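Student: Build out the structure end to end from the sequences listed, making use of the hints.
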Amino acid sequence: MIDKVQTLWPEIALFVTTCVVMVLGLSRDRSTRRLVGVVSGLGLAAALVLALVTSPQLAGPLPALAAYGKAVIAAIGLLLLLLAAGTVDRDYEASVARGEPFDPLKGNRAEFASFFLFSLTGLMLCVSATDLIWLFLALELTSLPTYVMVAISSKRSRSLEAGVKYFFLGALGAAIFLYGFVMLYGSTGTTSLTGIQAALGHQLAAEGGLNTLATLGLVLSVLGLCFKIAAVPMHFYTADVYQGAAATVSAFLAFVPKTAGFIAIMLICAAAGWRFGDSGHDLPDSLAATLSVIAVLTMTVGNVLALLQTSIKRILAYSSIAHSGYMLVGIVAGPGPSDGGGGGFFTNGLAAVLFYLLCYGVMNVGAFAVVAALERRKSDGSIEEVESVNDLFGLCQTRPVFGWIMVLCALGLAGIPPLLGFWAKLPLFTSGISSGHIGLVIVLGLNSAIAAYYYLRLAGPPYLEKPDPLAGIGAGGGTIEETPYASRVLAGLLSAAGVVILVAALPRLMEASKQAAVHMPGTVQASPGSKAAMVAPRADEPRP
Amino acid sequence: MTLLLLILTPIIFGLTIPLIPKERVKLWAMVGTLIPVAWYVFAAFNFTWSQGHEDSYVWQYDWVPSLGLQVSLAVDTVSMLLIGLTVLLGPIVILGSFTAVTERMKTYFAWLLILQGAMTGVFAARDLILFYVFFEFTLIPMFVLISLYGSTNRKKAAIKFFLYTFTGSIIALAGLVYVAWFNYANVTPGVLTFDFGSLRAAANAMPASAQAWVFGALMLGFAVKVPLFPVHTWLPLAHTEAPTAGSVVLAGVLLKLGTYGIYRFVLEMTPLAAWQFAGPVAVLAVVGILYAGLICWVQTDVKKLVAYSSVSHLGFCVLGMFAFTSIGLSGSVLYMINHGLSTGALFLLIGMVYERYHTRQLKELGGLGAKMPMWSTFMVFFAMASIGLPGLNGFVSEFMCLLGTFQSGRLGPWYAAAAGTGMIVGAIYMLYMLGRVVWGPLVEPAGHGHGGGHGGGHRGGHDDHHGAHPDALPADLTKREIAVLAPLAAACIFLGVYPTPILRALEGSTRGLAGHVERAQTRGPALPAATRTPPEEEILKQSRQQPSMSDQPVRGGARGGGQGQTGGGR
Numbered sequence: 438m439i440d441k442v443q444t445l446w447p448e449i450a451l452f453v454t455t456c457v458v459m460v461l462g463l464s465r466d467r468s469t470r471r472l473v474g475v476v477s478g479l480g481l482a483a484a485l486v487l488a489l490v491t492s493p494q495l496a497g498p499l500p501a502l503a504a505y506g507k508a509v510i511a512a513i514g515l516l517l518l519l520l521a522a523g524t525v526d527r528d529y530e531a532s533v534a535r536g537e538p539f540d541p542l543k544g545n546r547a548e549f550a551s552f553f554l555f556s557l558t559g560l561m562l563c564v565s566a567t568d569l570i571w572l573f574l575a576l577e578l579t580s581l582p583t584y585v586m587v588a589i590s591s592k593r594s595r596s597l598e599a600g601v602k603y604f605f606l607g608a609l610g611a612a613i614f615l616y617g618f619v620m621l622y623g624s625t626g627t628t629s630l631t632g633i634q635a636a637l638g639h640q641l642a643a644e645g646g647l648n649t650l651a652t653l654g655l656v657l658s659v660l661g662l663c664f665k666i667a668a669v670p671m672h673f674y675t676a677d678v679y680q681g682a683a684a685t686v687s688a689f690l691a692f693v694p695k696t697a698g699f700i701a702i703m704l705i706c707a708a709a710g711w712r713f714g715d716s717g718h719d720l721p722d723s724l725a726a727t728l729s730v731i732a733v734l735t736m737t738v739g740n741v742l743a744l745l746q747t748s749i750k751r752i753l754a755y756s757s758i759a760h761s762g763y764m765l766v767g768i769v770a771g772p773g774p775s776d777g778g779g780g781g782f783f784t785n786g787l788a789a790v791l792f793y794l795l796c797y798g799v800m801n802v803g804a805f806a807v808v809a810a811l812e813r814r815k816s817d818g819s820i821e822e823v824e825s826v827n828d829l830f831g832l833c834q835t836r837p838v839f840g841w842i843m844v845l846c847a848l849g850l851a852g853i854p855p856l857l858g859f860w861a862k863l864p865l866f867t868s869g870i871s872s873g874h875i876g877l878v879i880v881l882g883l884n885s886a887i888a889a890y891y892y893l894r895l896a897g898p899p900y901l902e903k904p905d906p907l908a909g910i911g912a913g914g915g916t917i918e919e920t921p922y923a924s925r926v927l928a929g930l931l932s933a934a935g936v937v938i939l940v941a942a943l944p945r946l947m948e949a950s951k952q953a954a955v956h957m958p959g960t961v962q963a964s965p966g967s968k969a970a971m972v973a974p975r976a977d978e979p980r981p
Numbered sequence: 028m029t030l031l032l033l034i035l036t037p038i039i040f041g042l043t044i045p046l047i048p049k050e051r052v053k054l055w056a057m058v059g060t061l062i063p064v065a066w067y068v069f070a071a072f073n074f075t076w077s078q079g080h081e082d083s084y085v086w087q088y089d090w091v092p093s094l095g096l097q098v099s100l101a102v103d104t105v106s107m108l109l110i111g112l113t114v115l116l117g118p119i120v121i122l123g124s125f126t127a128v129t130e131r132m133k134t135y136f137a138w139l140l141i142l143q144g145a146m147t148g149v150f151a152a153r154d155l156i157l158f159y160v161f162f163e164f165t166l167i168p169m170f171v172l173i174s175l176y177g178s179t180n181r182k183k184a185a186i187k188f189f190l191y192t193f194t195g196s197i198i199a200l201a202g203l204v205y206v207a208w209f210n211y212a213n214v215t216p217g218v219l220t221f222d223f224g225s226l227r228a229a230a231n232a233m234p235a236s237a238q239a240w241v242f243g244a245l246m247l248g249f250a251v252k253v254p255l256f257p258v259h260t261w262l263p264l265a266h267t268e269a270p271t272a273g274s275v276v277l278a279g280v281l282l283k284l285g286t287y288g289i290y291r292f293v294l295e296m297t298p299l300a301a302w303q304f305a306g307p308v309a310v311l312a313v314v315g316i317l318y319a320g321l322i323c324w325v326q327t328d329v330k331k332l333v334a335y336s337s338v339s340h341l342g343f344c345v346l347g348m349f350a351f352t353s354i355g356l357s358g359s360v361l362y363m364i365n366h367g368l369s370t371g372a373l374f375l376l377i378g379m380v381y382e383r384y385h386t387r388q389l390k391e392l393g394g395l396g397a398k399m400p401m402w403s404t405f406m407v408f409f410a411m412a413s414i415g416l417p418g419l420n421g422f423v424s425e426f427m428c429l430l431g432t433f434q435s436g437r438l439g440p441w442y443a444a445a446a447g448t449g450m451i452v453g454a455i456y457m458l459y460m461l462g463r464v465v466w467g468p469l470v471e472p473a474g475h476g477h478g479g480g481h482g483g484g485h486r487g488g489h490d491d492h493h494g495a496h497p498d499a500l501p502a503d504l505t506k507r508e509i510a511v512l513a514p515l516a517a518a519c520i521f522l523g524v525y526p527t528p529i530l531r532a533l534e535g536s537t538r539g540l541a542g543h544v545e546r547a548q549t550r551g552p553a554l555p556a557a558t559r560t561p562p563e564e565e566i567l568k569q570s571r572q573q574p575s576m577s578d579q580p581v582r583g584g585a586r587g588g589g590q591g592q593t594g595g596g597r
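Each protein sequence line maps, in turn, to chains A and B. Just so we're aligned, residue 438 is where the first sequence starts under my numbering, counting upward by one. Just so we're aligned, residue 28 is where the second sequence starts under my numbering, counting upward by one.
None of these hints come from the bench; they were simulated from the model. None of the values given here were measured: they were computed from a predicted structure. Mixed in with the good hints, there may be bad ones.
Quick partial rundown of chain B residues pointing at chain A, CB under 10 Å, derived from the structure [claimed, not checked]:
#, residue
1, L94
2, F125
3, L190
4, T194
5, A207
By construction, the Cβ of each residue, glycine as well, lies at the ideal position given by its N, Cα and C atoms.
Tutor: What follows is the structure, given as structure tokens:
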């Protein structure tokens, strides 16, 4: 038990921060309430340090995931926190400042901040998962707060609608993958991931493949998790939810549940192992086929539907779907031959996915930051989000900071060398080709080209067009102003800087993600002393 | 270091332009392009031109060992020549744009300079991913230049140009990565590299079917850039709508990125597949020559006419390359240089007329010889160079390409004959255009009948300006414009009358390459078609039985691969 707790210091730090923040946000004193953001940031920073310093190996199929995974989560979490300033309670705080007495039941700040941190805690717990039940609980801890965050993110009914949609479909997705987990348990007799790995290995050795129950379990789990990563066929909620929620929450959704889903998929696939198929280096046939089809459909649907959009957030939503598709290629590719050599990163699809998650998180924050940093003040004084692509016209001239952030982040997301996005995509190419999935790589390439069209629509107008005086007519008129929350601009700046500067840190980052993606091909004995690990049982043994 | 400076100087000058006051921007840009010229001349003097395949001015830096990436720069003869073309066109293009751009001048010159650095990088790169990075990166400055400073249809032209080329090159990237993987998995197990020398050896060891797929992937990327029929449709639009300097750079250098890619990567790495598919590729080239030529004949827009003529001319270039003879290959490389000079000059001339008359339509321009004698002289001169009049540079390269094709063991007289008719078509449309524009009755667009026109204005369309501006352009060429055209004209005459130095320099390289392809072909289909993931031992065994490298001197330090043996046993 103590050993397990010792793997959880970052999560504990975040949890304590959450509790503190929940209380601080309810204070009647304004300056105490304003500490919420600072304390959250300190908590995330502490989690980052703890993640880098104290992450021992886990007893699961991906033992070295913790340090890199949690550090990335904490770092991007900090960016998202900077971005999320002022999302809720803006009008309420204004009326409190005018003299209305503060009623803790009416304010949302405490809840929003604590849900934000809860979700990140859940995400870190996903990374530490060595057991199906742990994984499920962590996934739910990641997602449930996001449902609430979407619903309270803005005062318009749109965000309530988005929250309800997200909740119901999320519950459906959770039910599906829980069902898959149950079937996995049923076919292997254990919920420990190493135990499942061993049991499935037994099945492979004994019968030459997996039995139906195991196959169904794996496929259903992955299918349900596709909701989290917004992959076809569970992608329908994405555009509406991203558009309905405030931009800051959409940025959160584009990273956190996606990372949770990918970590979970990686763990499930690692439990199955890349040891099946004709070559002996693939996932089980049905799982590989499912993932390949999902990958192709996701990339294509995401990119094609994005071509038709005029709302920035919807474009980013569909692009988020497409990026999930790209990353699924890395999952299908697998960790490559485990006999190291010099090319460990080159052939390691899981390392490619981990690296891509980092890069995508950074670039995504920037793109959403521009939407979050601009607001439209209507003639009746109300404030609305800037939505349309036409509002980006000439941004490099009117507001150069925002314009250039959008240009850099959009070109980065498109994968234009030498920006960060290209270096994130290259390992997907290399791992895909190394594992023989050349067709998937070709589809990946073609889709990147399709995506370039709508990314140019985001990156081009700020620099190339003159400001459009008629842009706001469709949204009801009004003038565009900058947000009063400077930390959103800071988040965008850090993100845009990251797109360029992280390229200089490529060797180290790639090395880190390679080490994180070490895959234990299937030890029969789990490491002693760790409660979650069990000696591999046979399928007919009763679970101790 | 030399190469690094050649690449970085214009980029640094371009990036610092926002800090330069407006009056000094043009001077800054000129300096930024003249310094590379000086460097290049210095480097050229110290360069052994007839060295064949040896690389000079090597500069390497291990960058990302996880992926085997290096920042690796080196040049051989062909690269050096093409860098020379790039570097020469730099100041000419800057000087030629002084009156063409008045709004957002800083942006214009900044992106032109960055583009020059990127293009130099493409020719100097010896690491495959570095090549790809520079190759793709040239798209951004060109996209910006066309979108901001082009004519009426510039948005569509820029997007089409970008997407077409991006799509092709992503597929080429897949091919390059495949070769690197093959090297890592089979040829030098455990050694991960994207270095061209090692991968060249590895690619030659690939089984025939794998080579064919890699050939297809690479050709797709480069064929879009060349452009080869039928993926040429982006070019007329892009060339026509681009600003003058953009068109010159596009036609002069950017198209050569494609042909250079074919010369350097396709022929060297996949010679067997190149031999197998030379027939279809040559057919596409000949179709391009004739089809584009016929389209030129019916054009009413002068710029579009010259744009389509580029498609036609580069068909000759590709034909010469796939002849796999030393003469054909030399002719092809020389064609790249010559086309850059003559077509670049033609675009400059059209731009000069456009600045005065704001139209490019043949209906509205006529008999300008009477009014603009110097311009007309240059126009006729460069048109003749383009057609291939003996005595000028175009003839040498065109003739060599055709001769190479005629003598080729793979192609043959029929291809040469078909392409030869393309020469006639070329003469037809060029002379027709010249006849209308230079001679005949004087026709000027309405509103421009009095004296000189005016420069400035970069948005498309046909404005009506009344009265003379203080900086109106005189009817005939200014000294600056002559200074822009004169070096190109001098080069054309020199290369037409005395091409021997360049040809002699190219001999070593092209003879080696021709031999390389011959040997690959005589070895025959190397291995049975590879299954998706064949057992590694079998591949290793098969690749060891087959000589993996031609007998050319190994590049700086032996890397992987075997020693040269001609005609291996199996």
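Student: Which of the stated hints cannot be reconciled with the structure, identified by number in ascending sequence?
Tutor: 2
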